[in-house]
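Protein chains: 2
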Amino acid sequence: MRPAYAAALLALAGFALSAGVLAAVKPETAIRYRQGVYHAILWNFAPMNAMVRGTQPWDQADFARRAQRLAFYSQQLLEGFPPGSDRGAETGAKPAIWQNPEDFKAKMQAFEDAAADLAKVAAGSDIEASKQAFAQTAEACKRCHEKYRAED
Amino acid sequence: MRPAYAAALLALAGFALSAGVLAAVKPETAIRYRQGVYHAILWNFAPMNAMVRGTQPWDQADFARRAQRLAFYSQQLLEGFPPGSDRGAETGAKPAIWQNPEDFKAKMQAFEDAAADLAKVAAGSDIEASKQAFAQTAEACKRCHEKYRAED
Chain A
36 MRPAYAAALL ALAGFALSAG VLAAVKPETA IRYRQGVYHA ILWNFAPMNA MVRGTQPWDQ
96 ADFARRAQRL AFYSQQLLEG FPPGSDRGAE TGAKPAIWQN PEDFKAKMQA FEDAAADLAK
156 VAAGSDIEAS KQAFAQTAEA CKRCHEKYRA ED
Chain B
36 MRPAYAAALL ALAGFALSAG VLAAVKPETA IRYRQGVYHA ILWNFAPMNA MVRGTQPWDQ
96 ADFARRAQRL AFYSQQLLEG FPPGSDRGAE TGAKPAIWQN PEDFKAKMQA FEDAAADLAK
156 VAAGSDIEAS KQAFAQTAEA CKRCHEKYRA ED
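The listed protein sequences correspond, in order, to chains A and B.
My numbering numbers the first residue of the first sequence as 36 and each following residue consecutively.
My numbering numbers the first residue of the second sequence as 36 and each following residue consecutively.
Be careful, since some hints might not be right.
In this list, chains with the same sequence are indistinguishable; a pair is considered to hold if it fits within one copy or across any two.
[Claimed, not checked] Below, a list of computed lysine-lysine pairs in the DSBU-like style, where the Cα atoms sit at most 30 Å apart:
#	residue 1	residue 2
1	Lys61	Lys166
2	Lys177	Lys61
3	Lys129	Lys61
4	Lys61	Lys140
Quick caveat, the hints were computed from the structure, so don't treat them as lab data.
In isolation and in its complexed conformation, chain A is listed as follows (with noise of 0.2 Å):
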């Protein structure tokens, strides 16, 4: 790799480039990089949700697949919160994400729960189970969003 590409690669997200990488992650990184994961998570939530709702055919092996993904998905979400990133760029986080984080860590640890039994569930063949698991799982959002997540 050339050094020069990977500055201008890193510099184009907004990373900072000197020591300590990590922790000098800008706040509107942070929150681009959570707004990402949420719409990956959405890309694959939505046919999951047609099919819950029949206004797409049923078809369990991509049903399985994307739970596999929000399962995934789930895991990656609470790094995309470090303090200081609820402000930075255009974010609908509330500050109480920061004023209760442990509430908040519980309620994203139930999200990653939900959707690790949607992806174990979906794998199987029993569509009813799957509809079931996947409403557990779109709770879990809502149980977050409702007191995390600013109205639009």
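Start from chain A and add chain B according to the hints.
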């Protein structure tokens, strides 16, 4: 899950809610999705790059964890470039992508292969091999970017 909540959540993300959701994905939704995945890649690529450059202490376990993430993310990108998503929101994706779909796919596959190899090597304890595999992955990024990503 309350349908109204699901609808609001999906509407927020720009997903069409009618039947045939996949077919009806808006270009801007695909653009936001793929940009989100790229942000997630960079979030992990940056500290790996810092370790390789020596501006951050080497941590094989962290390097390996991030390499696994890159391998996952590399497999999520291609679907974020559906026909028609060359416009609809600000994007650095060049029209050449959709004019050379087979070449674009091949370059994406090369990235997937490099990232998979990186994850495999990083799971071991050979630092130099890890750095080399990282360089190969970064080269795969570059080979696609130089042809298909607009300069800023």
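Structure-based check of all given hints:
no. : hint           : verdict
1   : Lys61 x Lys166 : between (39 Å within a copy, 26 Å between copies)
2   : Lys177 x Lys61 : both (28 Å within a copy, 24 Å between copies)
3   : Lys129 x Lys61 : both (18 Å within a copy, 28 Å between copies)
4   : Lys61 x Lys140 : within (21 Å within a copy, 33 Å between copies)
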